[in-house]
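Let the hints inform the model, and build the full structure from the sequences given.
The sequence shown begins at 1 in the numbering used here and counts up one residue at a time.
In short, the hints are calculated from the structure, not lab data. Some clues are possibly wrong.
Unchecked claim - Heads up, simulated DSSO-like pairs for lysine-lysine below, C-alpha to C-alpha not over 30 angstroms straight-line:
| hint | residue 1 | residue 2 |
| --- | --- | --- |
| 1 | 476 | 465 |
| 2 | 297 | 439 |
| 3 | 447 | 476 |
| 4 | 476 | 432 |
| 5 | 283 | 229 |
| 6 | 447 | 432 |
| 7 | 439 | 229 |
| 8 | 297 | 283 |
| 9 | 465 | 438 |
| 10 | 443 | 297 |
Remember, predicted model here, so these are calculated numbers, not experimental data.
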Amino acid sequence: MASRIPIRRGPRTVGAENDQPTIRAKAAPARNGLAPAKPKAAPTAPVAYTKPKASTTTDAPGSAKRKREALREVTDRNRARVAASGTASTVGQKPPSTDGRKILGLPKKSVSTSSSSATRIIAKENAKPPAVAAAKALATVVERIEIDEEEGPSPKRQRTSSVGPDEAEVARIAIDVESDEEEEADPDGDDWEDLDAADADDPVMASEYVAEIQDYLREIEKTTMPNAKYMSSQPELNWTMRGLLIEWLIQVHTRFSLLPETLFLCVNLIDRFLTARTVSTNKVQLVGMACLLIAAKYEETVAPAIENYVFIADGATTADEMRTAEQHILRSLEWDLRYPNPMHYLRRISKADGYSPNTRTLGKYLAEISCVDHRLIGVPPSMLSAAAMWLARLALGQTAWTPTLAHYAGYRESALVPVANVMLRYLVQPIKHESFYKKYAGKRNMKVSVFMRQWVLGRWTEGAKIELTADLGALKREARNTQAAAGQGADDGDEPEAEAV
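Below, the structure is given as C-alpha cells:
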C-alpha cells in the first residue's frame, strides 16, 4: 500500500524562484579586420515578428504551483556563470538592444543570445546589395553564425514557436535571394502551358491556325519597320514636331472613337512615309490626316468620311487635297498596308495573363507611349507589347515572368528590361502630351495614366535618369513584401485591398 505521507523536499526561497537567467549578448569577435558593429537607433519601420512570451511563476510561499526541476537547473547554471564572471545578477534584466541593424536591406530585429549550450551571432548589413551580390551577402551572414558547443549533454530551453527568430530571418533572406536569382524563363522551353488546347472545339477561335498566324506576323513585322533615324533626312522637321502631330491625331482618334489598331497603323504609315519622302512643315498635318484616313479605311467597319476630317481640321485642308495626299502616300508605300501592330500581340499575351482587364489596359497605355516617344520607333511591335505587359505586371505587383508568358510573348525577361526602361524614362518626365495623358486618365480607361504616374513618382524623383537594371531587384522585393503583407492580412481575417487601377 502506497504511503500517503508527502515527500519532504528541500526548502524553496522566493529569490531563487524569481531569479531569471540573465542573458548577456556576447560580442562578436572581429573577423577580417572588422570590429563588432555597435548598436544603432531603432529603424523607422521594422518588420515585427511575434516573440515568445517568457513564462512567469507565482513565487509566493505556499503557492500551489511548483517550479520544474529542469527550469531550476537552468537557473542555477546561469547564476553560477554570472557569478563566475564577477557580475551581479539582476532580476528582470533585459538583454542589450540590437535594433537598427539590417540584413540585405530588410529592416528586421535580431536577438543575439549567449548560453551554455550555444552562441549565435548574426552580423547584419546596412546596405542593399543587388540581386547578384545577394547570394554572397547571405553566405557571409551564414558564416558569421558561430555555434560553441560544450561536451556532454546540456539542458535545452523549450521553444514555444516552430522556428526561432534568427532562423526565420535567415530563411526569409534565403527565399529573397533565391527569388532574385531564379532561372529565367525560356520562350523556347517545354515547360509552358498550352492555352490553345481548350479552344480546339471552338471553330470561331481557329486554334489550329494560331501557330501559323503568329509566324506570319513575326515575318511581316521585319518588313514594315520604319527607319528609326529618318528625321536626319528631314530638313524642316524635328522630333518635337512629330510629337505634336501625333498628339493632335490622338485627339482626332478619340473624337471619332476609332479602334486602337487604327492609331497604331496611322503612326506606322506616317513614319514609313517620312522614311521614304521629304515633307515640308506646312504639309506635315495633311500627311497625318491622310494617314489616319487610310488607317481608318483599313481597320474600321464604318470609317469617317473625308468631310469629317476637313471639318475637324478647321480649314487647314480641303477634300481634294486629302484625296491627292492619300494617293501619293499609297503609291510611296507601294500599297503595302500590312502592319502587325502591338494590339495583336497584346491580346495574345493577355490570354497567358488570364485576360486581366487591369493588366491589359495598363499594357495598352504603355504600348501607346511608342506613338509619342520617338525612341521606341525602332522597337518591333512584338517586343513593344511584351515589354508593356511585363512592366504593367510589375507595377501591379506581379513579378513572375512565367514560362507560359515567355512562350506566348516570345521574349525573355532580360530582353524586355531595356524597352521598359525607355517607357519609365518617358513617364518620369513632366507631362509633355496632355491629350495622351487625359485619354487614359478617365474612367473608361480605368485611370491607368494617373495610377502609373503615381507609381513611378513614388519610386523615383521627377526627371530622374532611371536605370531599371539596377533597381529591378528592389522593385521585385517590394512587390513580394506587399503581396506577403496582403496575404498575412487575409490570414488574419482582413480582406486585402484590391489594386485600384
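Structure-based check of all given hints:
1. Proximity of residue 476 to residue 465 is assessed by CA-CA distance (about 19 angstroms); at most 30 angstroms being required, the pair is judged to hold.
2. Simply put, residue 297 and residue 439 have alpha-carbon atoms about 23 angstroms apart, close enough for the 30 angstroms limit, and the pair holds.
3. A C-alpha spacing of about 24 angstroms is found between residue 447 and residue 476, which places the hinted pair at or below 30 angstroms, so the restraint holds.
4. For the proposed pair residue 476 and residue 432, the alpha carbon gap of about 29 angstroms is at most 30 angstroms, so the pair holds.
5. Of the supplied pair hints, the one linking residue 283 and residue 229 holds, its CA atoms being roughly 20 angstroms apart against a limit of 30 angstroms.
6. In summary, the hint linking residue 447 to residue 432 is supported, as the alpha carbons are separated by about 18 angstroms, within the 30 angstroms threshold.
7. At most 30 angstroms may separate the alpha-carbon atoms for a hinted pair to count; residue 439 and residue 229 meet this at roughly 28 angstroms.
8. Proposed proximity of residue 297 and residue 283 is supported: the alpha carbons are some 21 angstroms apart, at most 30 angstroms.
9. Of the pairs offered as hints, the one joining residue 465 and residue 438 holds, with about 24 angstroms between alpha carbons and a cut-off of 30 angstroms not exceeded.
10. The suggested pairing of residue 443 with residue 297 holds, with an alpha-carbon distance near 28 angstroms, which does not exceed 30 angstroms.
Against the hints set out earlier in the document, no violation occurs for any number.
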